[in-house]
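Here is how the chains run, residue by residue.
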Amino acid sequence: MRGMKLVFGKEVRETLRDRRSVMSALLFGPLMGPVLFALMISTITKMESERAEQALELPVIGAEYAPGLVAHLKRQGVEIQDPPDDPEAVVRDETATVVLEIPSDFGERFETNDPATVKMTFDASRRDARTIIERVKRMVQGYGNLVGVMRLQVRGIDPGITRAILIEEHDLSTPESRGALLLAMLPYFLMIAVFMGGMYLAIDATAGERERQSLEPLMINPVPRWQIMGGKLLATAVFSSASLVITLLAFSQSMKLIPADTLGISLSLGLREGVFLFFVVVPVAFLAASLQNVISAFARTFREAQTYLSMLLLLPMIPSLALFVVPVKGQLWMMAIPIMGQNLIIEKVLRVESVDAVSVAVSMASTMLAALVLAMVAARIYGSERLAVSS
Amino acid sequence: MIEVQDLVRHFGDVKAVDGVSFSAPNGSITGLLGPNGAGKTTTLRMLYSLLKPAHGSIRIDGHDPVQDPQSVRRAIGVLPDSRGLYKRLSTRENIEYFGRLQGLDEDTLRANADDIINKLDLHDIEHRRTEGFSQGQRVKVAIARAMVHQPQNVLLDEPTNGLDVMSTRAMREFCRELKRSGRCVLFSSHIMQEVAALCDHIVVIAHGKVTAEGTKEELMERTGQSTLEDAFVAAIGSEEGLMA
Chain A
1 MRGMKLVFGK EVRETLRDRR SVMSALLFGP LMGPVLFALM ISTITKMESE RAEQALELPV
61 IGAEYAPGLV AHLKRQGVEI QDPPDDPEAV VRDETATVVL EIPSDFGERF ETNDPATVKM
121 TFDASRRDAR TIIERVKRMV QGYGNLVGVM RLQVRGIDPG ITRAILIEEH DLSTPESRGA
181 LLLAMLPYFL MIAVFMGGMY LAIDATAGER ERQSLEPLMI NPVPRWQIMG GKLLATAVFS
241 SASLVITLLA FSQSMKLIPA DTLGISLSLG LREGVFLFFV VVPVAFLAAS LQNVISAFAR
301 TFREAQTYLS MLLLLPMIPS LALFVVPVKG QLWMMAIPIM GQNLIIEKVL RVESVDAVSV
361 AVSMASTMLA ALVLAMVAAR IYGSERLAVS S
Chain B
1 MIEVQDLVRH FGDVKAVDGV SFSAPNGSIT GLLGPNGAGK TTTLRMLYSL LKPAHGSIRI
61 DGHDPVQDPQ SVRRAIGVLP DSRGLYKRLS TRENIEYFGR LQGLDEDTLR ANADDIINKL
121 DLHDIEHRRT EGFSQGQRVK VAIARAMVHQ PQNVLLDEPT NGLDVMSTRA MREFCRELKR
181 SGRCVLFSSH IMQEVAALCD HIVVIAHGKV TAEGTKEELM ERTGQSTLED AFVAAIGSEE
241 GLMA
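Chains A and B are the protein sequences, given in the same order. Per the numbering used here, the first sequence starts with residue 1, numbered consecutively. Per the numbering used here, the second sequence starts with residue 1, numbered consecutively.
These aren't lab readings, by the way, just hints derived from the structure by calculation. Wrong hints could be hidden among the right ones.
Each pair of labels, with its calculated beta carbon distance range [claimed, not checked]:
no., chain 1, residue 1, chain 2, residue 2, range
1, A, M32, B, H123, 42 to 52 Å
2, B, D13, A, L332, 49 to 59 Å
3, B, M166, A, E385, 13 to 23 Å
4, B, M166, A, V373, 26 to 36 Å
Derived, one-sided and incomplete: chain A residues facing chain B with beta-carbon distance under 7 Å [to be verified]:
no., residue
5, L16
6, R20
7, G142
8, G144
9, S214
10, E216
For clarity, every value in this text was computed on a predicted model and none was experimentally measured. Even glycine gets a Cβ: it sits at the ideal position worked out from N, Cα and C.
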C-alpha cells in the first residue's frame, strides 16, 4: 500500500499547487449551489412578503352607490382610488390589477334583499395578480356574508342554518416540510459539488499525465499498477469529499440568511444533520472518483477527458430531476440505486423525518459496491498495455 | 546484465520486433542502432516490462519481466521514450517522488538525490519547478529520477534526442561513468556517430531483426567495408534514416 500512499500524496500536493483548479474544485463548484440557492429563495421570499403586505390599491367605479361596502373595504386597509374611464383599458395597460364596478341599481337591489351584483375586472393570467384578486374577492364576499348574517338575525333565524357543512382544515405540513419543497434542489447541488470537486484531478492525473508523457516513466517503478490507480482514485475522492463538506457548510450558513418565517417555512441544516448527510453522500464521492478515473483512462487526450467528464455532470441530475418532477414515495429498492437513494435520504433529513437505518445501509452499501466495481474496471485499464504506451 | 533471446512482438500485421537476440554485459555500454521504426523502442519497452513479448525470453540480472516485473523494475533505471516531468514539482521533488516509489528509505533517498544532483550538475535548478525547463534540463531531470535508486542496469532510449552539443557531451560522460562503476548500460539511437563514439558493443536493428552485432572493428570486418558508415549501411540494407 506504500505505493498507493505515495501516489496519493503526490497527486494531492500537485493539485493544491494549481491555484486555478483548486479554486474551481473547492470554491466555485461547491459554492455555486448555495449562493444561487440563497439568492433564489430570498428573492421569492421578498416577493411573497411584499405582495402580502402591500397596501391594496383599488379603483372603484360607482363608489357612491355602496357606501357600506366601500367603508368596509377601507376598514380592511384598501386604498380606494378614483374610477377610471375604461376599466378594461387600465387592467390591460397594467396601471390597475383589479377594478371594482358597482352598478347604479346596487342600493335598490340591496334594499329589496335581491342579490346585488358587483363586477370585478382583472386579467388572471398576469403574474402576481392572483393574490390580489383573491384578496379583493375575499373582502367583498366577507362583507356580503356579514350582511347576510345580520339579515337572518333580524328575522330571528340562527345564521348557522345556512352552513350545512363546515370544513375543518388539518394541514400536516410542518414549517420544515414546506421548506423542503423548496429544498428539492439541494440534493442536486450536493451531487454536482461532489462530481466537480474531483473532476480536475481525475482528468489531470490520468489523461493529463498521459498527454504530458509522464505516465510511462511512472509505470516503470516497482509499484503495482492497481496501487498507482488507487492513489489517484483516492486523491480524486478526497477532493470530492472536501467539496462536499464545503457545500454542506455553505448551505447551512446560507439558510440562516433566509427570512424563512415570512414564508411560514423553516430551513435549517444543523451540525448533526450536516455530519449525517456527509456520511450518507460520501460514497457518491468514491463512485464519482471511480467513474471519472475510468473515463479519463479511456480518453486519449486531456481535452477529450474534459469533454466526457463535463457531460458526466448531467448524470447526477437525472435522479434529482426525476424526483423533482415526479415526487415518489421512497421505497427500499430505490435506496439501492446510487444517487437516487442519497437524494431520498437528503430530502427526508430536510423534512425532519426519521430515516431508517436499513435505508441508509442499503444506499451506502450499494453505492460503495458500484464504486468498487468501477475501481476494478479502472485497475484493469491501468493494467493494460494500451494505457501506458502513448505513442 | 541483460540477456535477450529471440524476442518477438507484433502490432496487428506490423512485425515491430521479429526475433531479436543480444546480450549486454556489466561494465560496458551496448548500443542499439537502427533507423526510426526499426523496433528499438518496442524492444526496450519489453525489457522494462511495459509491453509483454509475444515470444522469446528476457533476463535482467536473472529476473524475467513477464514473471517478476517488480524485481526487474528495481534492477533497472530507464529513460523512456516518454520523458514528461511533473511541472508543478521542483527538480528535487520529481527525483524524490521516483526514489520513494522505488522503495528507498528517507536517509538513502536524501543521500542518493544529493549524489545524482551533483553528478548531473542540477544544483541551480534543484528547487525550481520544472515548468519551462529547456529540453536539456528536462532530459537531465528525467535521467536523475530514473537513476536515484542507483540501478545496476541502465536503459536509455535515444537519450541525446533534441540535446545541444554541450548537453550531449555531458550525457556521454555520464554514460562512461556508469560504465566505469561496473553498470550495464543499454543505449538506443538512430545516430551512427553517437553509437560509434560511445558504445563498446553495437547491435544493429532493422525491420525488427538484428542484422549485425559486434564492436566497430568487427562490424567493418564482417560487412567487408572499409568505413564505419558503409558498414552500417550494409548491415541495415539501406541508407534510409541513418544519418543524423
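Going through the hints against the structure:
Hint check: M32 (chain A) to H123 (chain B), Cβ distance near 46 Å, so the stated range 42 to 52 Å holds. Distance hint for D13 (chain B) and L332 (chain A): a CB-CB separation of about 55 Å, consistent with the stated range 49 to 59 Å. In this structure, M166 (chain B) and E385 (chain A) break the distance hint of 13 to 23 Å, their C-beta atoms being roughly 37 Å apart. Roughly 53 Å separates the CB atoms of M166 (chain B) and V373 (chain A), a value that falls outside the hinted 26 to 36 Å.
A least Cβ separation of about 9 Å between L16 (chain A) and chain B goes past the 7 Å threshold, and the interface hint is therefore violated. Interface hint at R20 (chain A): violated, since its Cβ lies 11 Å from the closest Cβ of chain B, which is beyond the 7 Å cut-off. This hint is violated: G142 (chain A) has a C-beta 72 Å from the nearest C-beta of chain B, more than the 7 Å allowed. Given hint, G144 (chain A) at the interface with chain B, is violated; its Cβ is 77 Å from that chain's nearest Cβ, farther than 7 Å.
Against a cut-off of 7 Å between C-beta atoms, the interface hint on S214 (chain A) holds, since the closest Cβ of chain B lies about 4 Å away. Annotation: E216 (chain A) was flagged as interfacial toward chain B, and the flag holds, the nearest CB pair being 4 Å apart, inside 7 Å.
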